[in-house]
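Q: Protein chains in written order, with the numbering used here: chain U, 96 to 446; chain D, 13 to 531; chain X, 546 to 1073.
Quick caveat, the hints were computed from the structure, so don't treat them as lab data.
Since the structure is predicted, the reported quantities are computational estimates derived from the model, not experimental observations.
In this text, a Cβ means the ideal position worked out from N, Cα and C, and glycines have one as well.
Warning: the hint list may mix true and false statements.
[As the list claims (entries may be wrong)] What follows is a list of derived Cβ distance ranges for each label pair:
hint: 1; chain 1: D; residue 1: D442; chain 2: U; residue 2: S216; range: 50 to 60 Å
hint: 2; chain 1: U; residue 1: K404; chain 2: X; residue 2: T1031; range: 50 to 60 Å
hint: 3; chain 1: X; residue 1: K1041; chain 2: U; residue 2: E379; range: 40 to 50 Å
[As the list claims (entries may be wrong)] The calculated lysine-lysine pairs, modelled on DSS-like cross-linking and capped at a C-alpha distance of 27 Å, are:
hint: 4; chain 1: X; residue 1: K651; chain 2: U; residue 2: K252
hint: 5; chain 1: X; residue 1: K555; chain 2: U; residue 2: K135
hint: 6; chain 1: U; residue 1: K403; chain 2: X; residue 2: K808
hint: 7; chain 1: U; residue 1: K132; chain 2: D; residue 2: K308
hint: 8; chain 1: D; residue 1: K245; chain 2: D; residue 2: K83
hint: 9; chain 1: X; residue 1: K555; chain 2: D; residue 2: K191
hint: 10; chain 1: X; residue 1: K808; chain 2: U; residue 2: K382
hint: 11; chain 1: U; residue 1: K403; chain 2: X; residue 2: K554
hint: 12; chain 1: X; residue 1: K1071; chain 2: X; residue 2: K636
hint: 13; chain 1: U; residue 1: K135; chain 2: X; residue 2: K651
hint: 14; chain 1: U; residue 1: K252; chain 2: X; residue 2: K933
hint: 15; chain 1: U; residue 1: K398; chain 2: X; residue 2: K769
hint: 16; chain 1: D; residue 1: K478; chain 2: D; residue 2: K416
hint: 17; chain 1: X; residue 1: K587; chain 2: U; residue 2: K252
hint: 18; chain 1: D; residue 1: K308; chain 2: X; residue 2: K585
hint: 19; chain 1: U; residue 1: K172; chain 2: D; residue 2: K494
hint: 20; chain 1: U; residue 1: K269; chain 2: D; residue 2: K474
hint: 21; chain 1: U; residue 1: K382; chain 2: X; residue 2: K681
hint: 22; chain 1: X; residue 1: K651; chain 2: X; residue 2: K1041
hint: 23; chain 1: U; residue 1: K153; chain 2: D; residue 2: K494
hint: 24; chain 1: D; residue 1: K308; chain 2: U; residue 2: K153
hint: 25; chain 1: X; residue 1: K636; chain 2: U; residue 2: K403
hint: 26; chain 1: X; residue 1: K585; chain 2: X; residue 2: K681
hint: 27; chain 1: U; residue 1: K172; chain 2: D; residue 2: K516
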Amino acid sequence: MIVYLNGKAYEAKPEETVLQLALRNGIYIPHLCYHEKTGKAAKCRACVVEVEGIPGLKTSCNLPVRDGMVVSSKSEKVLQAQRMVVDLALSSGQHDCLSCEQNGNCELQDAAYYLGIERPSFQLYDNDYEVDDSSEFIRVDRSRCISCGRCVEACNKTVVNEVINFGNRGFDTKIVFDNDLPMGTSTCVQCGECMQICPVGCIIDKRSIGSGRNWEFEKVETVCPYCGVGCRLEVHVDRKNGKIIRVNGVEDSPTNNGMLCVKGRFGFDFVNSEERLTTPLIKENGKFREAEWDEAIALVASKFSEIKKEFGSDAIAGLASAKVTNEENFAFQKFIRREVGTNNVDHCARL
Amino acid sequence: MKFYRSHVLIAIDDNSLKAGVKKIESLLRAKLDKNNLSEEINVLETGGLGYFGTGVSMTVYPEQITYANLKEEDINDIVEEHFLKGRVVSRLVLNSTITKKYNFNYKNRVVLENSGIIDPENIEEYIGVGGYEAWEKVLTQMKPSEVVDEVKASGLRGRGGAGFPAGVKWSFTAPIEAKQKYVVVNADEGEPGTFKDRLIMEGDPHKLLEGIMIAAYAVGATKSYIYIRGEYKLCIHRLEVAIKQANEYGILGKNIFSSGFDHEIEIKIGAGAYVCGEETALIESMEGNRGTPRYKPPFPGVEGAWHKPTVVNNVETIANVPAIIKNGADWYNTIGVEGCRGTKVYTMMGDLKLPGLCETEMGTSLRTIIDEYGGGMKDGKQFKAALVGGAAGVFLPNEMLDVKMDFNSLKEYSAVLGSGAILVMNEDVDIVDILWSIIRFFRHESCGKCNPCSNGNPVLYKLIDKIRKGKGKEADLDMMIKVSEVMNKTSFCALGQSPYMPIKSAIDNFRDDFLKRMK
Amino acid sequence: MTNDIAGIKKADVILIIGSDTSAAHPVISARIKQAVREGKSKLIVIDPKKIVMADYAEIYAAHRPGSDVAVLNCMMHEILKNGWEDKEYIKNRLEGFDEFKAEVMKDKYSPENVEKLSNIPAETLRQISELFGKAKTASLYYAMGITQHTTGTDNVWSTANLQMICGNLGVEGGGVNPLRGQSNVQGACDMGGLPNVYPGYQKVVDEKAQAKFEKAWNCKLDNKVGITVTEIFDAMYDGTLKGLYVMGENPYLSDPDQNHIIKAMERVDFMVVQDMFITETAEYADVILPAAAFAEKDGHFTNTERRVQRINKIIEPPKGVITDWEIIQLIANAMGSDWNYKSVRDITKEINELTPQYAGITWERVGRFGLQWPCPNEEHPGTPYLHKGKFARGKGLLRPIPFKEPDELPDEEYPLILTTGRVLQQFHTGTMSRKTEGLNNLAGPMVMISVDDAERMGISNSEVVEISTRRGEITAPAFVTKRISTGVIYIPFHYKESPANRLTNSAIDPIAKIPEYKVCAAKVQKIN
Ligand SMILES: Cc1cc2nc3c(=O)[nH]c(=O)nc-3n(C[C@H](O)[C@H](O)[C@H](O)COP(=O)(O)O)c2cc1C
Ligand code: SF4
Ligand code: SF4
Ligand code: SF4
Ligand code: SF4
Ligand code: FES
């Protein structure tokens, strides 16, 4: 199927929308409410395009492709409408990017930049929302909300925790937790799905506030060290200081689809903990003292060798770990079986 | 049936109730009793007579004399003069122009034919004037598809605003195989200054029920809902009575007239928001969700309430159906104009001599409606503008008074028929004030689902408020047009698309009113 | 899991028994809730606690802890009685049906009789059986609520029996799906961190396997099965086991009957603990070796759906800290051996060579989303669900499983049933999760107690109470709730200040050697 977009022909997939086709081919059309996961919402109206043969403008996020369709996302008429629509969104809240954590990672900012909007044309915001800081890990600053509805969809339909909804109407529309409780006292389980999917700086990771600008962090994928689901993580790391800044779920992972739980998203203080051991310890007279690696290794090796010699291999046992890698477990059991010479190896699979 | 010398029809509607009709009615009955007249003179309650601002009114048959603005102390005179001595109490008679309108008005009635004539709380009376004949005809002689075809052929278009052909709408739903389908009557009537649906329901609830059942049979729905504004207490009461009676008569319920067709009608009280009149928001609200519009397609006819195929029609649309079936599509095609058949019920408000309801043929000119039905301008003032089509309508100046009132003709003036609201303004009215209240209305009613409407309306309001307070600039007018035009092109539903029409027509046609405020 | 996470939504009916899914496996619970919300699947939850998942269930039943076999047998009793079983499947793919049938059709498993054993009303048992039995595809999820019993193996067999007679094994969306509790339990098992098998479940008593590893590793290997965790601590207690090497585990909090564990650790001659922190267990060690965290190394974890996924190094370990495998290599070589892994990839390669299920899961192939074993060669796409068309052993074996009571039942002195588990915000013994202050603020120690019991004893919410069993006592604040059955209390085991495992019974399942964490007799008393 062929679709003409801004004068160029593209091969379209039958089930996709015009916006999906455009994004797949690297053509940006402003969009604030559409997200792959929550799907079309048709709420922000920033994604309007012109279609030959159809009067008026159409939102591309919910416009199915048709063979031979001729679409323009860049005509002056379209850009003018997009500009006004994004301008209105920008005017609706307090979008002072410089003081926003989402700066550099904000989809509203991207849209405004693309359309050449330098500052909002109207002043609608009248500062009557307090920042909701009641939740342990998440901050909600409703003055930045653009009511795109992604968080509502995500909380209800993706993680199915059914906490967030819209309250009030019209301009006063706001997201509410349960029956408009502070997030921290609501039934929210702090999975952070809403935070990950919020296109602007409204729902943010409290713990990364002030830790640096988005573009300063490197993103590395790995796997959650907690439960057996094995959620794939995208860790934002500050290489300079060796610090984990924040953690996102990997959206296209077949295991977790971007979802995480409160541990997998926020429970990483242990890595940079002050209590980490940094040197081997040897107990002497009931007390631990610091030791060099060589000394500690030599002590362990000689003790195991002694016991093996005196009492036989079966007088030694090893507990492998359900929290370390396959490679390390492999090495461990090989050590017990080959070097110690016993099958006394187990771990707490059963516990 | 008893034989009475006279019938007295007392209009019971919200207005007359406020004016104390119940008290007056009991006084009347007592007085008649005292004079031994109760066997001769039959007092009946009916729906509204189609006037507005006439307080308690009653019509005496066969003389067809209408008394209006009655007070308790007037009853004595009426009984003693009129009923005992046969002398009309002329000081209480509605003035002759009004009576003229009344008679004139009745000629063309389809939807309101029984309003003010029969007792809406008595099914016998409805049956007595030929009610439920269409329903019987449908059940005994017609296949569902024939009903759909008949309505299609009649050219009936939706009266809720958009004017979509009703038969065509039904023809989408009818062929769908589904365990459950619904008919939903849109009785939300949220348009400011519109109360035509209310009077239809108050005056002739059985007509609506009959229409619903025919529609349900045509599309294969076994359950219907009437989604009605909570404020319409009297309508709700009368519909409840009517449903109960219809059930008792076996007209509604299981295996109606042994046809094997079952039908149940339920009343749902609305959420009280304007946007809930939009069909998909209505459905959301009915399902217990936030009343915001859904994306279409799928249209409700394919996937509506609880994801089942659902036909949504306005009260007036449905109320046209029994007559179409009874008299045939050919008959219906003799009324109205090409492309727009039948009559239309208007709510006329503003600086008219006779504000209120009227029902006229489609295609009647605005001038005729204002002059003949509305009795012309009040207090000898000059006509300045008419806002036609409700808040989302267009300000028409004097030069456009001859526009024909039907969906197609109005379109040529970029105007809309909407729900049939006509607000007539005289020379003293300042368009800025009117526009200000319209925009305030939209700002208040925006549901908040989409960005252009929920943020655009506050922008418009800020601008018009500034102008109204004398702080505006001419550039603000252009900005209002620009913002509302983008809202018109991009908003999710018709509410956000609407402000453009009144804004553009007000500024284009009455620019001076705005400039006056800027000096 | 025999099946995969993506297949969750392909089931018409999902049964959760013995898993507080939204607390212990939150993201899998989200998938199940999605399936229910989207109307794709109907959910049945059987659990003594009215867990969050019960709110999404078509049918929820609270059973008495330890009555799982009775409940499952009852379901099969009803299913067979009504002919809802998959007759073709039984004929073609299973064996042992007659003996099995003779057991479950005993009158003892009629709904009326099982009501007495399980406290689930007979009517509910019938409804559950009907919903499950009539489903086209039904899946079953369980976690430690099934395994941590003296009858754990029986429980597991019963779940398999149920799924086999209903023809739900080897089909997309079906399966018996144990949810693994820790990030790499699956991998630790796959890699032979078990006393009876080499990597890939190759038995140590199998001569061919022994020969294979002897050749590969160029050494002599022992051919007798080793001892399990619980036996290890018994042997330490008895003094027959002299040396223990613990890598990244915390038995002090995770193992049953804490006082016994402490004595055992005090008695052992030499104990090495390798960890990120001085854990409660490490306090008893002779040597502690600092190890790198997951974020500081490369390698692979295998998740509950058998998906082998890459973990990547994100940051450098603290100065002086090295990874677990490097430490192991150092010790091996200090003992005079010849280890020469240059990087973790060398080990991965050895795993590919020696573990048939992992043969195709090479470093180069794993990719961002991993591969599900078995993956026998480098062309193989991996296996989303097991037993398709055929069972590993040929025909599926149905076993008659008679119901047995738990080891320790409530009595006059200890009238309540104590059951243990996890909460959402903490993990295992807390070594990792308790270092995050916010998680501690969200979830501290507690004992869940029913409103009935609390009222009877005059205990109010948040009141600190003493909980005791024959093995010891702890204190914890009471969480008075309707979500737990009368006569049952629940304590999460994460907390060293209120260690549930000081209370638990170390009686074990005779085959799997799993302790009975989920049932023991306890009492609750007001303090003062
Ligand atoms: C904001 C808004 C409000 C509406 N309010 C009403 C209403 O009060 N009554 C009504 O019948 N239709 C209303 N409509 C139109 C309905 O969406 C729908 O078109 C109508 O009920 C269909 O019936 P019809 O085809 O018989 O006109 C409204 C539409 C919009 C956009
Ligand atoms: S954190 Fe999770 S549970 Fe809480 S509101 Fe956001 S999506 Fe919902
Ligand atoms: S909080 Fe974020 S995701 Fe939610 S509606 Fe507002 S802008 Fe959208
Ligand atoms: S994020 Fe939560 S659900 Fe996912 S693996 Fe980690 S602990 Fe398990
Ligand atoms: S246009 Fe207005 S009323 Fe309609 S959906 Fe958008 S916000 Fe709601
Ligand atoms: S992305 Fe299309 S309307 Fe928001």
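Q: Next step is simple, just say for each hint if it's right about the structure.
A: Status of the hints after comparison with the structure:
| no. | hint | verdict |
| --- | --- | --- |
| 1 | D:D442 x U:S216: 50 to 60 Å | violated (28 Å) |
| 2 | U:K404 x X:T1031: 50 to 60 Å | holds (58 Å) |
| 3 | X:K1041 x U:E379: 40 to 50 Å | violated (25 Å) |
| 4 | X:K651 x U:K252 | violated (44 Å) |
| 5 | X:K555 x U:K135 | holds (24 Å) |
| 6 | U:K403 x X:K808 | holds (23 Å) |
| 7 | U:K132 x D:K308 | holds (20 Å) |
| 8 | D:K245 x D:K83 | holds (24 Å) |
| 9 | X:K555 x D:K191 | holds (24 Å) |
| 10 | X:K808 x U:K382 | holds (18 Å) |
| 11 | U:K403 x X:K554 | violated (53 Å) |
| 12 | X:K1071 x X:K636 | violated (58 Å) |
| 13 | U:K135 x X:K651 | violated (55 Å) |
| 14 | U:K252 x X:K933 | violated (31 Å) |
| 15 | U:K398 x X:K769 | holds (24 Å) |
| 16 | D:K478 x D:K416 | violated (36 Å) |
| 17 | X:K587 x U:K252 | holds (16 Å) |
| 18 | D:K308 x X:K585 | holds (24 Å) |
| 19 | U:K172 x D:K494 | holds (12 Å) |
| 20 | U:K269 x D:K474 | holds (21 Å) |
| 21 | U:K382 x X:K681 | violated (63 Å) |
| 22 | X:K651 x X:K1041 | violated (45 Å) |
| 23 | U:K153 x D:K494 | holds (18 Å) |
| 24 | D:K308 x U:K153 | holds (12 Å) |
| 25 | X:K636 x U:K403 | violated (53 Å) |
| 26 | X:K585 x X:K681 | holds (12 Å) |
| 27 | U:K172 x D:K516 | holds (19 Å) |
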